[in-house]
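S.K.: Sequence:
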Amino acid sequence: MQPLSLPPRLLMGPGPINCYPRVLQAMSTQLVGQYDPAMTGYMNETMALYRQVFKTQNQQTFLIDGTSRAGIEAALVSVLEPGDKVLVPVFGRFGHLLTEIAERADAEVHTIEVPWGEVFDPQQIEDAIKRVQPKVLAIVQGDTSTTMLQPLEELGAICRAHDVLFYTDATASIGGNPFETDAWQVDAVTVGLQKCLGGPSGSAPISMSDRFVEAVRKRQHVEAGIRDSHHQDAKGQRIRSNYFDLAMIMDYWGDERLNHHTEAATMLFGSRECAVGLLTEGQDAVLQRHVNAGTAMLKGIQAMGLKPFGDLKHKMTNVVGVYIPDMVDGEQIRHDLLNIFNIEIGTSFGPLKGKIWRIGTMGYNARQDAVLHTLQSLETVLRRAGFSLPAGAGVDAALAVYADAAANGKGSL
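So that you can map any letter, position 33 of the sequence shown is 32 in numbering that gives the first Met the number 0, and since no number is skipped, the others follow by simple counting.
Treat each hint with caution, since some may be false.
Distance condition first, Cα-Cα at most 27 Å in a straight line; then the derived DSS-like pairs of lysine-lysine [claimed, not checked]:
(1) 312 with 54
(2) 84 with 134
(3) 234 with 134
(4) 306 with 354
(5) 352 with 312
(6) 84 with 217
(7) 217 with 234
(8) 129 with 84
(9) 312 with 354
(10) 129 with 217
(11) 54 with 134
(12) 312 with 409
(13) 54 with 409
(14) 352 with 306
(15) 84 with 234
(16) 134 with 217
Here are the computed distance ranges between Cβ atoms for each label pair [said to hold, decoys possible]:
(17) 99 with 227: 33 to 41 Å
(18) 226 with 43: 22 to 30 Å
(19) 179 with 81: 31 to 39 Å
(20) 130 with 368: 48 to 56 Å
(21) 213 with 331: 51 to 59 Å
What the hints contain is simulated information worked out from the structure, not anything from laboratory work.
For every residue, glycine included, the Cβ atom is placed at its ideal position computed from N, Cα and C.
Work out the full structure, taking the sequences as your base and the hints as a guide.
M.R.: Written as structure tokens, this is what we have:
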């Protein structure tokens, strides 16, 4: 067998993306035992770092070992007992995912929907909360299937007014778009690393308010094999998943260190480094870098004569949807970009399948050279496919965005 050897792709799709080199370096670190003081020390440090990432004081802030979907499932299956009502506003593929996971937990699921490419007005959500009276509101912040960013700022207060727990998945948006856990009164948030945080898929940071923790603790259960005399089960129904049982995972990360699973140490090292990198560069600086890259890509696409998808007032900074021109084969364009220029862009799902490309500018790839290389390569592939466009217009428009940012003191590349 030959050593592992992958092509040098530039991942400019909706995620995953190329990792920050410092993250890859951290993940090559040798292991220690899961209860070694060095290991538990880094676990505690990682919890503290992600409190800063999430902008929260929540004690229960840690990692779920698994992809971002593992975090979603842990949050929903741990808080929703069979028959509990949950409201899911759906504006893309991942709202449907929240719906399915809640259904699998035997919750009573209610949905409201807007067309893909739009987001919800807070009043629409409050009206549905009044009608449904759910235990939990579950909503995605940024949905890469549509490139839309749902405003969350008013939803926490709405939920508190109606005694509803407020959960959101912010995998696609955290790090590249504002997120304020405490200021927005978010009760639980889960994310992944593979978007703006610049790491690999495989770890799901989570943060939970005291309100959310109280709801989970009502279903507390300790495995027989590790139970001591002081352990008592709660009166609520046992959480149906062992692996995603947040009550047990809290005990594993907490002072008692009750064994639950063997922590995925390599992913913890990578997760820690994602947070260190974000906080070292500065969250505001990273947000501005994503704004610059996303704006440059959007303006470049428009200058090439391509039409962006959706309500641009509510577009994520880190990904843009682009209508595929009628006269070209969208998959052939993606094929040529990948195989000639080593650049990957995305297609989409559901009603948008075959209709749009999704081009990401996130994490390590939210930088000027990656944007320019993608625009120039896309122009070349489109021109060779017979699409008429002004030569160099996309790159020139992107460069103008960066020049304007530099002139206004917002010149992070």
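S.K.: State for each hint whether it applies.
M.R.: Checked hints:
no., hint, in the structure
1, 312 with 54, "holds (24 Å)"
2, 84 with 134, "holds (5 Å)"
3, 234 with 134, "holds (18 Å)"
4, 306 with 354, "holds (11 Å)"
5, 352 with 312, "holds (23 Å)"
6, 84 with 217, "holds (17 Å)"
7, 217 with 234, "holds (6 Å)"
8, 129 with 84, "holds (12 Å)"
9, 312 with 354, "holds (21 Å)"
10, 129 with 217, "holds (25 Å)"
11, 54 with 134, "holds (24 Å)"
12, 312 with 409, "holds (20 Å)"
13, 54 with 409, "holds (23 Å)"
14, 352 with 306, "holds (16 Å)"
15, 84 with 234, "holds (19 Å)"
16, 134 with 217, "holds (14 Å)"
17, 99 with 227: 33 to 41 Å, "holds (37 Å)"
18, 226 with 43: 22 to 30 Å, "holds (25 Å)"
19, 179 with 81: 31 to 39 Å, "holds (33 Å)"
20, 130 with 368: 48 to 56 Å, "holds (50 Å)"
21, 213 with 331: 51 to 59 Å, "holds (54 Å)"
Checked against the numbered hints given earlier, this structure breaks none of them.
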